[in-house]
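Chemist: With chain D held as given, fit chain V onto it using these hints.
Just so you know, the protein sequences line up as chains D and V, in that order. Taking the working numbering, the leading residue of the first sequence gets 1, the next gets one more, and so forth. Taking the working numbering, the leading residue of the second sequence gets 1, the next gets one more, and so forth.
Note that these hints are calculated values from the structure, not bench results. Don't take each hint at face value.
[What the hints assert, rightly or not] Here are the simulated DSS-like cross-link-like pairs (lysine-lysine), alpha carbons at most 27 Å apart as the crow flies:
| hint | chain 1 | residue 1 | chain 2 | residue 2 |
| --- | --- | --- | --- | --- |
| 1 | V | K128 | D | K178 |
| 2 | D | K54 | V | K54 |
| 3 | D | K128 | V | K178 |
| 4 | V | K178 | D | K54 |
| 5 | V | K54 | D | K178 |
[Unchecked claim] Pairwise CB distance ranges (calculated):
| hint | chain 1 | residue 1 | chain 2 | residue 2 | range |
| --- | --- | --- | --- | --- | --- |
| 6 | D | E43 | V | Q192 | 53 to 63 Å |
| 7 | V | Q139 | D | E177 | 27 to 37 Å |
| 8 | D | I154 | V | M33 | 44 to 54 Å |
| 9 | V | Q142 | D | Q184 | 16 to 26 Å |
| 10 | V | S10 | D | Q9 | 51 to 61 Å |
Where is the CB? At the ideal position from N, CA and C, for every residue including glycine.
Number of protein chains: 2
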Amino acid sequence: MTRKAVKGQSTRERIIQQSAPLFNQHGYAGTSMSALMTASGLEKGGIYRHFPNKQALAAAAFDFAWKTVSTSRLHGLDECTGALEKLLLLIRNFVEMTPGTVQGGCPLLNTAVDSDDGDPVLRARARKALTQWRSRIAQIIQKGQSDGELSQNIDAREVTVVIVASLEGAVMIGRLEKSRDALQAVGRHLEQYVRSLQA
Amino acid sequence: MTRKAVKGQSTRERIIQQSAPLFNQHGYAGTSMSALMTASGLEKGGIYRHFPNKQALAAAAFDFAWKTVSTSRLHGLDECTGALEKLLLLIRNFVEMTPGTVQGGCPLLNTAVDSDDGDPVLRARARKALTQWRSRIAQIIQKGQSDGELSQNIDAREVTVVIVASLEGAVMIGRLEKSRDALQAVGRHLEQYVRSLQA
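This is chain D alone, in the form it adopts within the complex (with noise of 0.2 Å):
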């Protein structure tokens, strides 16, 4: 890459890295130009000329929030050994995550939500980040169940919605309630429901 190229590169993940809180926070709609441009610092044209408009922004920022946070949740995984180990693992992680990796909680909650009925391009991310996520826990489930360490009459799939839900859904009542219980109190019951799965 020539330097120009390498400045152009850099221009662009930060206006990433500043707008992604933005949308995180305030979603689609809620995140106008003007309050994107105060951010970066930059003028329209500066945004534009690294983005050909906001939904491609979002979208970016969109995946930069969920790298941020899926790397927090997923943290020492590689480390633990058993299936067991890693699903406790992956609760504890995510009901401990310090809050505000990215400014605004969970992308994929924010942005599932917001882009309901509206940007199917923001949607389609969510989506992706979402069976990516599901995908992970369900192989772990399995790899567990093939090494005769958890049941073999539990379905990974089911397993996973119900791990996934909770957490995301504990997300949305700590929010409303500015409190980490409801948090804490599924990470308890997710840590017993994952314990009796052993075979």
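Modeler: Then chain V, alone, in the frame of chain D:
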């Protein structure tokens, strides 16, 4: 009430009813005054005659949407005799609820995410709705405990959080996946879970 007051009242209710699906689908920032005018068939002044501002209309629309959804969720509850039967009905009502009772899905989830950083009036309404819903479920569990139907070793508040969180999270997943699979999976799990709480 005079005839004029009655007519004013019914216009007010009509505006609320017609605005509720808009706010529920598009959020507070995403619902423009012009969309509200189109939906109600009124000029701006006609709306402002009944509501001091958009915020007041959004709050009334939330209350309407929540009441509609709650009625459906609590349907048949008084005819159930025991705590277990009541909890199973609540779960079934939630899972099987006709989608689009108020277009846009669960107003609690929508408003929690939408008003997170934004409108404090709306957030307060959503929080109150959540508190009422949680109390209703917790009371059923506590009654079940004092009747000896449910185990003494459970924490009614925690069980309530698990139920509400997993249902709401399943709504979020279902919305992204445009499918009722997640809600049905969570329903099956919760049914088993609630049965396991028997004394």
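Chemist: All hints, please: hold or fail.
Modeler: Results of checking the hints against the structure:
1. V:K128 - D:K178: holds (13 Å)
2. D:K54 - V:K54: holds (26 Å)
3. D:K128 - V:K178: Status holds; Cα separation ~13 Å.
4. V:K178 - D:K54: The given pair, whose Cα atoms are some 25 Å apart, holds under the 27 Å limit.
5. V:K54 - D:K178: holds (25 Å)
6. D:E43 - V:Q192: 53 to 63 Å: holds (58 Å)
7. V:Q139 - D:E177: 27 to 37 Å: Violated - the Cβ-Cβ distance for Q139 of chain V and E177 of chain D, about 18 Å, lies outside 27 to 37 Å.
8. D:I154 - V:M33: 44 to 54 Å: holds (51 Å)
9. V:Q142 - D:Q184: 16 to 26 Å: Holds: the Cβ-Cβ distance is about 21 Å, inside 16 to 26 Å.
10. V:S10 - D:Q9: 51 to 61 Å: holds (60 Å)
Violated hints amount to a single one, hint 7; each of the other numbered hints is respected by the structure.
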